[in-house]
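Line by line, the protein sequences are chains Y, Z and W.
According to this note's numbering, the first sequence holds residues 1 to 293 in order.
According to this note's numbering, the second sequence holds residues 1 to 271 in order.
According to this note's numbering, the third sequence holds residues 1 to 354 in order.
Keep in mind that a hint or two might mislead.
[To be verified] Facing chain Y, according to a computed beta carbon distance under 8 Å, are these residues of chain W, among others:
id	residue
1	Thr85
2	His111
3	Val115
4	Leu127
5	Asp230
Keep in mind that the hints were calculated from the coordinates and are not lab data.
Predicted model only: the values in this text are computed from it and were never measured.
Note that CB positions come from ideal geometry on N, CA and C, so glycine has one too.
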Amino acid sequence: MAETAGAVEVTEAAGPPEVVFVERSRLVEGVRAYGLIATMWLRSTMAYRASFAMTAFGNFAVTAFDFVAILLMFQHVDALGGYTLAEIALLYGASGTAFGLADLVMGSMDRLGRRVRDGTLDTLLVRPVPVLAQVAADRFALRRMGRITQGALVLGYALVTLDIGWTPLKVAMIPLMLLSGAAIFAAVFVAGAAFQFVAQDASEVQNSFTYGGNTLLQYPPSIFSKDLVRGVTFVVPLAFVNWLPALYVLGRDYPLGLPDWVAFLPPVVAGLCWLLAGLAWRSGLRAYRSTGS
Amino acid sequence: MGVDAVRLYAVVAAGGFRRYATYRTATAAGVFTNTVFGFIMAYTYVALWDERPQLGGYDMPQALTYVWLGQALLMTCAMMGGGFEDELIERIRTGDVAVDLYRPVDLQLWWLAGDLGRAAFHLLGRGIVPMLLGSLAFDLALPASPGVWLAFLVSVALGVVVSFAIRYLVALSAFWLLDGAGVSQMTALAGMFFSGMLLPLTLFPGVLGDVARVLPWSSLLQVPADVLLGKSTGWGLVEAYAFQGGWALTLLLVGRLVQSVATRRVVVQGG
Amino acid sequence: MNAETRTDTGTDIRTDNGKGTGTGFIELDNVEKVFDVRRKTGFMRSERRQVRAVDSISFRVARGEMVGYIGPNGAGKSTTIKMLTGILTPSGGRLRVAGIDPSRERTRLAHRIGVVFGQRTTLWWDLPLRDSYRLMHRMYRIPDARFRENLDRCVELLDLGELLDVPVRQLSLGQRMRGDIAAALLHDPEVLYLDEPTIGLDVVSKAKVRGFLRDLNAERGTTVLLTTHDLTDIEQLCKRVMVIDHGRLMYDGALAGLHEVGESERMLVVDLERQLPPIRLESAPSVRTVKVEGPRQWLAFPASESAAPLVARIAADYPLADLSVREPDIEAVIAKMYASADGMEIGDGGARVQ
Chain Y
1 MAETAGAVEV TEAAGPPEVV FVERSRLVEG VRAYGLIATM WLRSTMAYRA
51 SFAMTAFGNF AVTAFDFVAI LLMFQHVDAL GGYTLAEIAL LYGASGTAFG
101 LADLVMGSMD RLGRRVRDGT LDTLLVRPVP VLAQVAADRF ALRRMGRITQ
151 GALVLGYALV TLDIGWTPLK VAMIPLMLLS GAAIFAAVFV AGAAFQFVAQ
201 DASEVQNSFT YGGNTLLQYP PSIFSKDLVR GVTFVVPLAF VNWLPALYVL
251 GRDYPLGLPD WVAFLPPVVA GLCWLLAGLA WRSGLRAYRS TGS
Chain Z
1 MGVDAVRLYA VVAAGGFRRY ATYRTATAAG VFTNTVFGFI MAYTYVALWD
51 ERPQLGGYDM PQALTYVWLG QALLMTCAMM GGGFEDELIE RIRTGDVAVD
101 LYRPVDLQLW WLAGDLGRAA FHLLGRGIVP MLLGSLAFDL ALPASPGVWL
151 AFLVSVALGV VVSFAIRYLV ALSAFWLLDG AGVSQMTALA GMFFSGMLLP
201 LTLFPGVLGD VARVLPWSSL LQVPADVLLG KSTGWGLVEA YAFQGGWALT
251 LLLVGRLVQS VATRRVVVQG G
Chain W
1 MNAETRTDTG TDIRTDNGKG TGTGFIELDN VEKVFDVRRK TGFMRSERRQ
51 VRAVDSISFR VARGEMVGYI GPNGAGKSTT IKMLTGILTP SGGRLRVAGI
101 DPSRERTRLA HRIGVVFGQR TTLWWDLPLR DSYRLMHRMY RIPDARFREN
151 LDRCVELLDL GELLDVPVRQ LSLGQRMRGD IAAALLHDPE VLYLDEPTIG
201 LDVVSKAKVR GFLRDLNAER GTTVLLTTHD LTDIEQLCKR VMVIDHGRLM
251 YDGALAGLHE VGESERMLVV DLERQLPPIR LESAPSVRTV KVEGPRQWLA
301 FPASESAAPL VARIAADYPL ADLSVREPDI EAVIAKMYAS ADGMEIGDGG
351 ARVQ
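Sequences and hints are given; from them, build the entire structure.
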């Protein structure tokens with residue numbers, strides 16, 4: 001992959017080392033480093049197979065219980081905030097899958113504060129690859145597939161049960177929603193980690209936006225107060241993960257009276273989130289490198 | 001137990017309290033998270049009780065009180081685990097526990113004292129603020145009588161002991177499994193679900209509800225909540241205490257039994 | 001029992017203490033690092049103050065030099081190393097390593113430096129040692145032939161052959177340190193930073209590590225900068241030593257000069273076959289018996305003198321059972337250095353930096 005990036009490396013048998021350094025795109029370098037480190041973690045977890053199986057199931061079950069709670073609610077009601085079980089399952093499955101993807105790829109970002117505290121971040125800073133990629137790939141764990149699997153199952157159930165008037169745009173909306181949603185959640189993980197450069201003990205704040213955001217998005221926007229919906233639309237734009245695109249697929253109106261076309265904004269919003277999160281990360285890393293703590 | 005022993009365990013408990021009190025940023029971050037989750041859950045409950053007032057025997061303010069109480073007690077009763085057991089598992093894994101067994105203190109009481117100190121801090125540090133914020137944003141059914149609050153605190157204390165006894169057993173499983181991660185996670189799951197954290201156990205249908213209500217985990221949230229909401233008074237309160245106390249005693253005794261078996265193992269293996 | 005080995009590093013490169021003369025491979029000019037420290041003064045109140053962790057340090061290190069960088073805890077050693085490796089950005093001054101500004105071009109510099117953190121392994125805990133090296137191979141894009149050659153060399157010289165397929169968690173501290181040093185050298189760094197490379201190691205491992213570093217420096221001309229608490233490391237490896245305290249460079253010169261400046265003493269611990277009155281040696285007036293405990297006696301002698309003739313004389317006159325030489329610790333040397341008069345003459349090419 002990245003090796004073919006036009007780099008000709010001089011190989012010498014002996015003598016003083018030649019500098020083999022070729023500028024490469026940081027993105028390419030980051031993705032390549034991520035792959036290398038994630039592979040090492042995969043091999044490491046294979047040393048504890050039994051524990052892997054147990055925790056993978058655990059990850060599946062912990063999210064499943066969330067949905068069981070919703071099922072229990074629907075033992076008593078036919079609709080929640082005007083939405084049927086299948087409709088909520090669509091919201092739930094979309095958010096769960098998107099969050100699961102982000103958690104798989106970037107979930108370890110919340111360990112940054114610990115790395116700052118115990119000084120192990122320094123060992124990453126002397127490597128010739130982007131620090132963000134190294135932190136993200138830290139403790140890469142396939143057991144997090146459990147969460148994705150559960151979300152996908154509920155999403156599948158919703159898509160089979162719901163009577164949707166499918167159009168090409170609506171069909172395209174599903175993968176668009178999952179990928180953009182995962183990207184938005186991933187940006188939140190990065191921003192949260194950047195915050196930990198400032199407050200190392202504050203990893204729980206990040207949980208409010210990641211796990212908390214995921215829980216929020218599993219329910220329809222109609223049950224929340226207008227201010228809260230405004231907040232997650234315009235301030236922390238989690239509404240673009242699943243609410244807006246899913247409501248478009250369902251043919252329902254969005255509570256704030258936003259026009260239909262906003263349902264197609266998730267990729268743009270995701271890009272914007274990544275830009276801001278990237279800036280936050282850079283300034284966080286710069287602050288760390290000037291204070292060392 | 002002599003006066004000296006009481007003093008010793010009091011010191012251990014105070015240490016447990018202080019240990020968590022030092023992390024102020026973490027506490028503030030935790031309060032923030034509890035509050036966020038409190039708001040999200042409160043809105044879902046509003047939607048649910050809008051459809052079905054008096055669901056599960058609670059009216060809307062009571063249901064909302066239940067939500068915020070759950071956030072306040074999540075850490076206090078360690079419903080998802082976390083606390084001393086990670087440390088104890090590590091000591092068992094590394095064999096350091098052999099040293100503990102020769103110390104002239106009771107292993108179980110030692111850890112219990114520390115955990116009670118931790119719980120006291122979490123009740124004050126992580127429980128009060130979310131509860132206050134919740135009561136500002138929503139109409140809650142908080143009792144006016146100090147007697148009810150006192151009865152509630154006793155119930156919470158019993159809940160903490162039950163929670164401790166469960167987690168102590170989880171930790172001891174490391175004597176046989178070495179890696180405690182799987183068991184810890186399973187108990188965390190059970191704790192979340194059967195304590196009533198996700199949904200009051202009175203909403204669980206049929207057999208599932210009957211079973212959930214007699215499992216020990218209901219002592220962690222459902223029982224204290226019913227005490228605070230005035231559902232358990234008079235003989236009902238005595239029954240609630242007897243239920244919690246019964247589980248606490250049973251599980252502590254099972255813990256001692258398992259501990260003695262484990263200790264024999266350690267001695268046989270030579271540490 | 002070979003206390004007097006004062007080894008030569010085997011290189012011909014002359015120590016270049018002069019400031020500003022010539023171009024160093026590592027160049028620091030008035031480098032500073034100021035931290036804002038907030039101290040709690042009460043409940044919810046705190047006080048801000050500035051701490052100069054590194055205060056206007058200047059030095060040059062030539063290519064191929066091997067330099068000891070010592071000082072008490074909190075003196076500013078690791079802050080300097082962190083600036084040299086690009087982890088920390090200096091607050092002021094000019095800093096160059098191989099012509100690169102570390103803080104601006106951290107990743108470019110990373111290809112040319114190797115770093116070993118004494119107490120933090122970068123090896124993969126649950127994987128065989130070999131796998132950690134494979135990751136270095138890919139991450140640093142080391143050409144295959146060069147990688148194989150370097151690995152073979154390290155394996156041979158650091159005695160890693162039988163350890164390559166052992167998971168790192170099963171290695172001893174000394175084995176792991178050797179493994180870490182190899183990992184830092186596979187990409188042919190021109191300079192190697194070692195932070196306490198012998199801390200916690202047993203005697204055999206220490207000797208192995210030191211021998212390897214000596215050879216690396218002699219044969220490959222790798223520049224080595226090491227921080228340590230063990231004066232023996234410095235004695236056996238470095239011609240030049242820099243002492244830092246309170247963020248300032250206190251001394252820069254030969255180790256012997258440091259001993260003179262500090263007037264430090266080493267300690268000979270003698271175990272006699274039986275309890276005897278304090279040892280007195282007419283021929284060695286600089287030796288004092290400072291402590292007697294049963295058959296064991298402690299003799300202090302100037303650190304600049306060799307222990308061998310002393311041992312020979314004691315062995316001739318007294319029934320020796322065992323003996324060992326204790327090096328003065330860095331703190332003691334530095335403390336003595338302060339105590340010695342200001343502005344004294346400094347021998348052996350050492351420069352006392354004020």
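Going through the hints against the structure:
1. Checking Thr85(W) against chain Y: minimum C-beta separation of about 5 Å stays under 8 Å; hint holds.
2. At a threshold of 8 Å, the smallest CB-CB gap from His111(W) to chain Y is about 5 Å, leaving the interface hint in force.
3. This hint holds: Val115(W) has a C-beta 5 Å from the nearest C-beta of chain Y, less than the 8 Å allowed.
4. The beta carbon of Leu127(W) comes within 6 Å of a beta carbon in chain Y, closer than 8 Å, and the hint placing it at the interface holds.
5. With 8 Å as the threshold, the beta carbon of Asp230(W) stays out of range of chain Y, its nearest partner Cβ sitting at about 21 Å, so the hint is violated.
When the structure is compared with the earlier hints, a violation turns up for hint 5 alone.
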